[in-house]
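Residue numbers (UniProt numbering), protein chains in the order written: chain H, 1 to 242; chain D, 1 to 216.
Simulated from the structure, these hints should not be mistaken for lab results.
For clarity, every value in this text was computed on a predicted model and none was experimentally measured.
Some clues are possibly wrong.
[Stated by the list, open to error] SDA-like mimics (lysine to any residue), calculated; alpha carbons at most 25 Å apart, straight line:
no.	chain 1	residue 1	chain 2	residue 2
1	D	K158	D	M196
2	H	K68	D	N47
3	H	K68	D	Q131
4	D	K116	H	K180
5	H	K115	D	P188
6	H	K64	H	H85
7	D	K116	H	K26
8	H	K68	D	V146
9	H	K64	D	M196
10	H	K107	D	N184
11	H	K154	D	T132
12	H	K154	H	D222
13	H	K104	D	Y129
14	H	K68	H	T52
15	D	K158	D	P188
16	H	K92	D	V146
17	H	K69	D	I119
18	H	K26	H	L215
19	H	K107	D	G117
20	H	K18	H	K184
21	H	K69	D	I48
22	H	K228	H	T54
23	H	K92	D	M196
24	H	K110	D	L67
25	D	K158	D	N47
[To be verified] Facing chain H, a subset of chain D residues (Cβ under 8 Å, in silico):
no.	residue
26	S8
27	L12
28	P139
Cβ atoms here follow ideal geometry from the backbone N, Cα and C, with glycine treated the same way.
Here's the letter readout for the chains.
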Amino acid sequence: MIRFDTVNKYFGDFHVLKNINLEINKGEVVVVIGPSGSGKSTMLRCINRLETITDGELTVNDLKVNDKKTDINQLRRNIGMVFQHFYLYPHKTVLENITTAPMKVLKQSKEEAEKVARYYLEKVGIPEKADSYPSQLSGGQQQRVAIARGLAMKPEIMLFDEPTSALDPEMIGEVLDVMKALAKEGMTMVVVTHEMGFAREVADRIIFMDHGQILEQGKPADFYANPKEERARLFLSRILNH
Amino acid sequence: MDIAGALSVDHLKFLADGFKLTLYVAFISIVLSFIIGIVFGTLRYANIPFLSKVVAVIVETIRNLPLLLIIFFIFFALPEVGLKLSPTVAAIAALTVFESAMLAEIVRSGLNSIDKGQIEAARSSGLTYIQTLVSIVMPQALRRMVPPIVSQFISLLKDTSLCVIIALPEFMHNAQIIYAQNINFIIPIFVVVAFMYFIVNYCLSLIARRLESRQA
Ligand SMILES: Nc1ncnc2c1ncn2[C@@H]1O[C@H](COP(=O)(O)OP(=O)(O)OP(=O)(O)O)[C@@H](O)[C@H]1O
Ligand SMILES: [Mg+2]
């Protein structure tokens, strides 16, 4: 479904992604970990072309992401994205945050879009917040709205970039629960996160990145128990010991 | 000091005529420069190849000229190339040119102040650049722009008085004519003029505060 074929990316002279080869299948849940600056966000953001690759080939559903002929907005409506800092629209209510894209991109009527929005708000557990503004919500609630906003487009793929890193510890669980439920329903997910519990419970595969390369991948149980790469071992011991 | 003489009915009527013209010129210039400022500010923000650069050069040039020079230029230099404007039209043209450039900069920095992450969130949900600009960036930016835009309007209203130099019969111009007749008129006339400018500008800032608090 998502395929990186010897993808390279540079920021100026800086080689951020080095020969990335990766295939992610439909329904797969992939967790990406690695030290800060290793290129996790960049790799994720290439998938919906928030970043453009320098060379190699990247396809989503056999569509070349960076091809001029590819309608990027068409591609993006099929890929939801959730960010570390939520990025809800502060001037819109929760309901409006969720209905904006379905109405503008999918041309849904207001009634239809609101029905869908309420369905997903129910699903992420905060139906009563429909008419609130983002500033009136806790971080965990905001992130759940952001997830509902992504889901309302009925995407086939969801990308998460450290969705719980900006949250207070007591709110991490509520967001992870929503994500776990989504994973179990068969959503294709690429998740940058260091939440090991989440990875162990629902990930099909862990990808360890360092210095722009995919150093190691494997099933969560194997990887956590017995990482092959020295750097992966070092990294794991660091995140476990703090 | 001759208060009664200074504030005779004829004088007050004459001042009122000047004041009306000041408001008229300021109002038309405000409307025009608001529209042009938004268009130019947005074009500059949008990073359109070539076009944004051209707009940037125009805006920066105008912003770095004294308004007085622009007034002079439009009224005295343009006739040399065959474009003769009445003082009123020249005043409106000069103020519009200058204030458009000031507002364009306010608009651009207002747009720039919106977090890029929100733009990415909107774009990643499939909204086009224009849709993102119109429904996500603009509404938020406009709210933040209210205070600087209103203070720009207040300076515009005050700046119309610079048009005395092209004999535009606006408020300040007419006040000058009155107190030039008699030195004893100066203080009363100044008090009236100051009071009127203050009232209008104060109302403008009240409106701005209302707008701001309603959106907070
Ligand atoms: N727009 C950019 N221009 C230049 N360099 C960039 C840009 N974005 C990221 N980088 C650099 O690319 C490298 C990889 O960044 P990236 O954000 O992908 O790392 P990451 O693995 O997500 O790190 P973190 O865990 O801190 O989020 C970093 O060294 C970063 O400084
Ligand atoms: Mg990152």
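Hints violated by the structure (listed by number, smallest first): Going through the list in order, the structure violates hints 4, 5, 6, 7, 8, 9, 10, 12, 20, 22, 23, 24, 25, 26, 27 and respects the others.
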